[in-house]
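All chains, please: the whole structure from these sequences, using the hints.
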Amino acid sequence: EPEVTQTPSHQVTQMGQEVILRCVPISNHLYFYWYRQILGQKVEFLVSFYNNEISEKSEIFDDQFSVERPDGSNFTLKIRSTKLEDSAMYFCASRGPSGSNQPQHFGDGTRLSIL
Amino acid sequence: GENVEQHPSTLSVQEGDSAVIKCTYSDSASNYFPWYKQELGKGPQLIIDIRSNVGEKKDQRIAVTLNKTAKHFSLHITETQPEDSAVYFCAAILGGNEKLTFGTGTRLTIIP
Numbered sequence: 001e002p003e004v005t006q007t008p009s010h011q012v013t014q015m016g017q018e019v020i021l022r023c024v025p026i027s028n029h030l031y032f033y034w035y036r037q038i039l040g041q042k043v044e045f046l047v048s049f050y051n052n053e054i055s056e057k058s059e060i061f062d063d064q065f066s067v068e069r070p071d072g073s074n075f076t077l078k079i080r081s082t083k084l085e086d087s088a089m090y091f092c093a094s095r096g097p098s099g100s101n102q103p104q105h106f107g108d109g110t111r112l113s114i115l
Numbered sequence: 001g002e003n004v005e006q007h008p009s010t011l012s013v014q015e016g017d018s019a020v021i022k023c024t025y026s027d028s029a030s031n032y033f034p035w036y037k038q039e040l041g042k043g044p045q046l047i048i049d050i051r052s053n054v055g056e057k058k059d060q061r062i063a064v065t066l067n068k069t070a071k072h073f074s075l076h077i078t079e080t081q082p083e084d085s086a087v088y089f090c091a092a093i094l095g096g097n098e099k100l101t102f103g104t105g106t107r108l109t110i111i112p
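Chains as they are written, first to last, in my numbering: chain P, 1 to 115; chain C, 1 to 112.
Think of the hints as simulated: they come from the structure by calculation, not from any bench. Predicted model only: the values in this text are computed from it and were never measured. Don't take every hint at face value.
Said to hold, decoys possible - Straight-line C-alpha distance at most 20 Å; calculated SDA-like pairs for lysine to any residue: (1) C:Lys37 <-> C:Glu79; (2) P:Lys42 <-> C:Lys58; (3) C:Lys37 <-> P:Val19; (4) C:Lys37 <-> C:Ala63; (5) P:Lys78 <-> P:Glu44; (6) C:Lys42 <-> P:Gly40; (7) P:Lys42 <-> C:Thr10; (8) P:Lys42 <-> C:Gly1; (9) P:Lys78 <-> P:Gly40; (10) C:Lys42 <-> P:Pro103; (11) C:Lys37 <-> P:Gln102; (12) C:Lys58 <-> C:Thr78; (13) P:Lys42 <-> C:Lys37; (14) C:Lys37 <-> C:Thr104.
Next comes the structure, spelled out in structure tokens:
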């Protein structure tokens, strides 16, 4: 069964440094998402992306965050100047073209640790 | 925006018994309600979903019910097995939006 893959599985970064998290969505999917989960808490929406544009974003997704689809297969989340509170699991998800009431499929996440 | 409440936060069930997890949502315009299972070190895995035009859906030992009037939906797992132990999240999405709003999760433990 096709799946969303994320790399790296764990990223350790010094505060203030830039970090890029990478995702390969399911191949025929057109809608892409980033969510995050702080340890022990619920999953929170960051951003959705379709047709090379952000379609929706949350208050968490401020100017320090950006997303890009640099080629036909990858989808990336960049944090420009990391803060301690950015430490979390970051999940990428994707879904097919049939409407927002279709399943979003998640990867296994990148654990981001800011020192 | 949408707000999703989930209960209980922890649930322990004897193997073979049933488990029920309940969620309520705030916005009557929500029209899609997935349930995810999250095992340790893994991402959320979709186990069942229901759309607002349906009251109940079943897939083997798992069922979901939706009460649109009361704005709540429930996950039912029958004949529980040790491998059902995990954290379960409900979620809701507003019609036409892209954002999934998650509940706070239920840690389900199946006691052998």
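The hints, checked one at a time:
As the CA atoms of C:Lys37 and C:Glu79 are separated by approximately 17 Å, the hinted pair is consistent with the 20 Å bound. A hinted pair counts as satisfied when its Cα atoms are at most 20 Å apart, and P:Lys42 with C:Lys58 does not qualify at roughly 25 Å. Our distance criterion of 20 Å between C-alpha atoms is broken by C:Lys37 and P:Val19, whose separation comes to about 28 Å. Distance check on the hinted pair: C:Lys37 and C:Ala63 sit about 14 Å apart at the alpha-carbon level, within 20 Å; holds.
For the given pair, P:Lys78 sits about 17 Å from P:Glu44 by alpha-carbon distance, which is consistent with the 20 Å threshold. Annotation: proposed proximity of C:Lys42 to P:Gly40 holds, straight-line Cα distance about 13 Å (limit 20 Å). A C-alpha spacing of about 14 Å is found between P:Lys42 and C:Thr10, which places the hinted pair at or below 20 Å, so the restraint holds. A distance of roughly 16 Å separates the Cα atoms of P:Lys42 and C:Gly1; the hinted pair therefore holds under the 20 Å criterion.
Distance restraint check for P:Lys78 and P:Gly40: the Cα-Cα separation of roughly 23 Å exceeds the 20 Å cut-off, and the hinted pair is therefore not satisfied. For the hint pairing C:Lys42 with P:Pro103, the CA-to-CA distance comes to about 17 Å; that is within 20 Å, so the pair holds. Taken as a hint, the C:Lys37 and P:Gln102 pair is honoured in the structure, with Cα atoms around 17 Å apart against an allowance of 20 Å. Of the pairs offered as hints, the one joining C:Lys58 and C:Thr78 holds, with about 11 Å between alpha carbons and a cut-off of 20 Å not exceeded.
A C-alpha spacing of about 12 Å is found between P:Lys42 and C:Lys37, which places the hinted pair at or below 20 Å, so the restraint holds. At roughly 13 Å between alpha-carbon atoms, C:Lys37 and C:Thr104 fall within 20 Å of each other, so this suggested pair holds.
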